[in-house]
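Number of protein chains: 2
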Amino acid sequence: MVDGLGSALGEPLFERAAIIGVGLIGSSLARVIRRKGLAREIVAFDASSKVRARLRDIAIADHVAETAAAAVEGADLVVLCAPVGAMGEIAEEIGPRLMAGATVSDVGSVKASIVAAVAPHLPASVTFIPAHPVAGTEESGPDSGFATLFLNRWTILTPPEGADPKAVARLAAFWKGAGANVETMAAAHHDLVLAITSHVPHLIAYNIVGTAADLEEVTQSEVIKFSAGGFRDFTRIAASDPIMWRDIFLNNREAVLEMLGRFNEDLTALQRMIRRGDGEGLQSLFTHTRAIRRSIIDQGQETAAPDFGRRTKDDG
Amino acid sequence: MVDGLGSALGEPLFERAAIIGVGLIGSSLARVIRRKGLAREIVAFDASSKVRARLRDIAIADHVAETAAAAVEGADLVVLCAPVGAMGEIAEEIGPRLMAGATVSDVGSVKASIVAAVAPHLPASVTFIPAHPVAGTEESGPDSGFATLFLNRWTILTPPEGADPKAVARLAAFWKGAGANVETMAAAHHDLVLAITSHVPHLIAYNIVGTAADLEEVTQSEVIKFSAGGFRDFTRIAASDPIMWRDIFLNNREAVLEMLGRFNEDLTALQRMIRRGDGEGLQSLFTHTRAIRRSIIDQGQETAAPDFGRRTKDDG
Chain A
40 MVDGLGSALG EPLFERAAII GVGLIGSSLA RVIRRKGLAR EIVAFDASSK
90 VRARLRDIAI ADHVAETAAA AVEGADLVVL CAPVGAMGEI AEEIGPRLMA
140 GATVSDVGSV KASIVAAVAP HLPASVTFIP AHPVAGTEES GPDSGFATLF
190 LNRWTILTPP EGADPKAVAR LAAFWKGAGA NVETMAAAHH DLVLAITSHV
240 PHLIAYNIVG TAADLEEVTQ SEVIKFSAGG FRDFTRIAAS DPIMWRDIFL
290 NNREAVLEML GRFNEDLTAL QRMIRRGDGE GLQSLFTHTR AIRRSIIDQG
340 QETAAPDFGR RTKDDG
Chain B
40 MVDGLGSALG EPLFERAAII GVGLIGSSLA RVIRRKGLAR EIVAFDASSK
90 VRARLRDIAI ADHVAETAAA AVEGADLVVL CAPVGAMGEI AEEIGPRLMA
140 GATVSDVGSV KASIVAAVAP HLPASVTFIP AHPVAGTEES GPDSGFATLF
190 LNRWTILTPP EGADPKAVAR LAAFWKGAGA NVETMAAAHH DLVLAITSHV
240 PHLIAYNIVG TAADLEEVTQ SEVIKFSAGG FRDFTRIAAS DPIMWRDIFL
290 NNREAVLEML GRFNEDLTAL QRMIRRGDGE GLQSLFTHTR AIRRSIIDQG
340 QETAAPDFGR RTKDDG
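These protein sequences, in sequence, are chains A and B.
Under my numbering, residues 40 to 355 are what the first sequence spells out, in order.
Under my numbering, residues 40 to 355 are what the second sequence spells out, in order.
Note that these hints are calculated values from the structure, not bench results.
Watch out, some of these pointers could steer you wrong.
Repeated chains share a single entry, so a pair holds when one copy, or any two copies, can fit it.
[Unchecked claim] Straight-line Cα separation of at most 25 Å, SDA-like style, residue types lysine to any residue; simulated pairs:
no., residue 1, residue 2
1, K89, Q322
2, K215, T326
3, K89, R301
4, K215, D101
5, K215, P345
6, K215, S260
7, K205, H228
8, K89, D101
9, K205, A139
10, K205, R333
11, K89, E319
Model the full assembly from the supplied sequences, consistent with the hints where possible.
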């Protein structure tokens, strides 16, 4: 099939899926749930009335609720897709209204702090299985989502010890149905892995774009004109949603600072190589880093098509 | 026209263009010279005999010379497209063979050190006009080039004081014929501008990929699997040609260390914001950086199409 998602499943895995927070991830999830028949019914809620109005227009959910509490009524799957910092409050609101036996999950980019914020508000009758689909674009909002966003990407589940294995298996099947590969790990390990594969990369991208914006010797107009030399690629990452990323850094502080410390150590060594004119050391590092990219391409997490040119090659 | 390069020019600007060093940039230049009729004849030379053999196969030049000195015989345009560190030696070799009245240029990513290495070897009868097309992909070699690489990108000319204005105008027309916008500035300013828009971005990309490769707590397999969270984008830059980049850092040392110092200052401040939980400060920076990206897109240096998804959106 064109979209690579295969054919529709038989019986839906869930009767009623509630999506709380409908930005890039939430709206992509709604779209793939419907396309793949992963739940019989989709209810959506977003804290923004503007987004709720938009959701009624684009009709990617069957119902748009006016409150998070109303959205989870009768839902056997509840997925929190709000910014990390809003999760605790939402859990407090929906806790008393959750259906017994429901699976509660999320898509947050940090896990330990979400567990700490959400778990205390949930009744013992539901199963809480934190999750993180490692996928996204630099866009945000309900119009930016698409059904194939999770295809061949990885979703990490971090079920707490003692979580109902059947519920975990069902949620894993749900994400596989959405096209994702699924891996399970402890929440704390997730936070360390994502600190290096996602959070610190975003941090240094935001940082260099900020540095370039504040220079006096080089004008902003020059930075913009000559951005195709490499800078441009960082602005893509640094255009990601500010509130989402604020919350990630506040909620994965320890792991981010730890990985940033390693980055800084290495950068100091690299700086010294340049100062000393150590061409051999530089070339050796630059050769080493090529191998990692090859593995990423080999494992389907990246396309090998040249992208700096931002234009299809031709042979003229 | 499909390629956006407009129709062919009338008379060629040059009779015989010699391209010394035929990688991504050199081979793109050969392709666009032929397609746009910018020179009547193209002679190519590369230090690698393998590349020379390949050039005979793909026939993007009219002649493949066996030495740089032979390549420049009778050429009224000579463009050095070799790695920055090789430029001085090439200049020494070709100097005595250059045709009186010829324009000598280059495409190196640094300028002051190239002027210092090349100019002393050139006879007074030629005009040396250093140039830098700010364009590229993460690929290298003669097969990676394409005729539209320079289209709508900027080429910076850094003519020394007193350079023949007619020769400068002709070289500017040449690059415009190749599809580029042209700007003129001093070599030292070029090196500062490129340090922030290209060299430091590459340096920190190489650095974080190196950091990730050496971690003990997070396996290489995890880094690769979950690279779609942002890390992946850095590996693209960090896959750029190691020798080219070694030479850039060795030859633009002062400006790179200066800009890296600014980057580090800002990163320390950002680190402190995270440590102190300064959500307002983080959000303010992350919002600020979005504006720069919008300008880059508005000025045609980037496409707004979402790219983290590495897949065309659909509305399913």
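Review point. Can you tell me if K205 and H228 fall within 25 Å by alpha carbon in one copy, between copies, both or neither?
Key: Answer is within: at 23 Å inside a copy they meet the 25 Å cutoff, but 64 Å across does not.
Exercise for review: Could you figure out if K89 and Q322 sit no more than 25 Å apart (CA to CA) within one copy, between two copies, both or neither?
Suggested key: between (52 Å within a copy, 21 Å between copies)
Check your understanding: When no copy is named, should K89 and D101 be tagged within, between, both, or neither for a Cα gap of at most 25 Å?
Key -> Answer is within: at 18 Å inside a copy they meet the 25 Å cutoff, but 62 Å across does not.
Point to revise | Alpha-carbon proximity context of K205 and R333, limit 25 Å | key: Neither: 37 Å inside a copy, 47 Å across copies.
Review point. When no copy is named, should K215 and D101 be tagged within, between, both, or neither for a Cα gap of at most 25 Å?
Key: within (22 Å within a copy, 54 Å between copies)
**Study point:** Homomeric proximity label, K215 with T326: Cα distance no greater than 25 Å
**Key:** neither (36 Å within a copy, 34 Å between copies)
Check your understanding: Taking 25 Å as the upper bound on the Cα-Cα distance, should K215 and S260 be classified as within, between, both, or neither?
Key -> Intra 46 Å, inter 20 Å, cutoff 25 Å: inter-copy only.
Exercise for review: Have a look at K89 and E319 and pick one of within, between, both or neither, based on CA distance no larger than 25 Å.
Suggested key: Cα proximity of K89 and E319: across copies only (24 Å, versus 57 Å in one copy).
Check your understanding: How do K215 and P345 come out at 25 Å by Cα distance, when the copy is not named: within, between, both, or neither?
Key -> between (29 Å within a copy, 24 Å between copies)
Review point. With identical chains treated as interchangeable, where does the CA-CA distance between K89 and R301 reach 25 Å or less: within a copy, between copies, both, or neither?
Key: neither (42 Å within a copy, 40 Å between copies)
Review point. Checking K205 and A139: alpha-carbon separation at most 25 Å within a copy, between copies, both or neither?
Key: within (15 Å within a copy, 82 Å between copies)
Checked against the numbered hints given earlier, this structure breaks hints 2, 3 and 10; the rest are met.
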